[in-house]
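Novice: Protein chains in written order, with this note's numbering: chain A, 1 to 194; chain B, 1 to 197.
Mixed in with the good hints there might be a few duds.
Some but not every residue of chain B turned toward chain A, in silico, with C-beta under 10 Å [unchecked claim]:
#1 29
#2 32
#3 35
#4 57
#5 60
#6 102
#7 103
#8 124
#9 125
#10 136
Partial chain A-side listing against chain B, Cβ under 10 Å, derived [claimed, not checked]:
#11 31
#12 48
#13 50
#14 80
#15 84
#16 87
Hints were generated in silico from the structure; no laboratory data involved.
Just so you know, even glycine gets a beta-carbon here, dropped at the ideal spot from N, CA and C.
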Amino acid sequence: MSSRLLIGLALAAALIGAVVPPAWAQTAPAVLQAAGSEIAFTTRQMGVPVEGKFGKFSAQVMLDPKKPESGSVAFTIDTGSARFGSAELDAEVPKATWLNVPKFPQAGFQSTAIKAAGAGKFEVAGKLTIKGMTQNVVVPVQLAQTGANSTATGSFSIKRLAFKVGDGEWTDTSLLADDVQIRFKLVLTGLAPL
Amino acid sequence: MSQSLTAETLQPLMNVTTTTPAPYTGVAMALHWLLAVMIVGSFSVGLYMVDLPFSPQRLKLYNWHKWAGVIILTLSAARLLWRLTHRPPANAPMPAWQARAAHAAHLTLYALFFAVPLMGWAYSSAAGFPVVLFGMLPLPDFVPVSRELADALKPWHGWLAKGLAAVVLLHVAGALKHHFIDRDGLLRRMWPAFTRN
């Protein structure tokens, strides 16, 4: 191999490097759009589905949909922003038995591994922290893009008792089911194309 | 139908001889007393549960109250159908205004048998608690979940229920007056123990 060829290859490599930056450099943080975004949850009280919504949450999303392994997703939810159809529940849920908002004003999620799971589908594994207790969860996410907007939707269920949500006399799961269904729809801008 | 007509034509004669007036049908009596017990029970539970603090006990009573309401609604529909297809026995002789008042009270009772549970159901749906019969059979919401609507409907369920209680008291007072003051045997139309005599 001649030295001229080596220099040529080195130059070519340098050029490619300059034109095509490494994957991590492409991943700018996406911006969560409040309008259209929603985090809702459904509990079951004696078989009755009761839905609540969180009004305030923020997200830090660094994700190249083409290279999900290198991405990361983090969420922070204001526990005091939970709203129901009834004022009675709005007043009840911040209490210590339930979300204990004065002591734990925020719940959070931090991804540990993201992998592709088919067209526009991802599996986001991570740690969910509620009331100071952390559990591993795997969240299936479906990503759809229209124009500048990316919409991530999905649902998964958690066990409320693993987070001591509803303790004392409320541990009876025949009255209040252990499973809580969480449903989300997040509108993001600034995400790279699928 | 012809049987009831016969009973009605016989009524004046029966009163003269002070025999027992013709009774309601067994189905009408069963529905009357079953609904009487359920309505008084639901009303009492309703008055009690609203002041309870948020607790499993409150949750249970609310759900039982709703299930009872759905059963009352269903039985009332069956009862109305039965009433419309079976002529009731003749009335005891009484001043026309009393007969009219009794008739108006009956009409009001029937209207409230439907209005009270329907209003409770609507309120529950509007407040984001769909009614699930026995915790297993989800019933449809016929109003959307809305804080404003829930707040507007909530007092009406209570007012109508108290209105129903007031008309029930009037109805009971009338029946007792006929039995103990007029002594016209009217109560025997609806009193199962007397029908066999």
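Novice: Return the numbers of the hints above that this structure violates; sort them in rising order.
Specialist: Hints 1, 2, 3, 6, 7, 11, 14 are the ones this structure does not satisfy, whereas the remaining hints hold.
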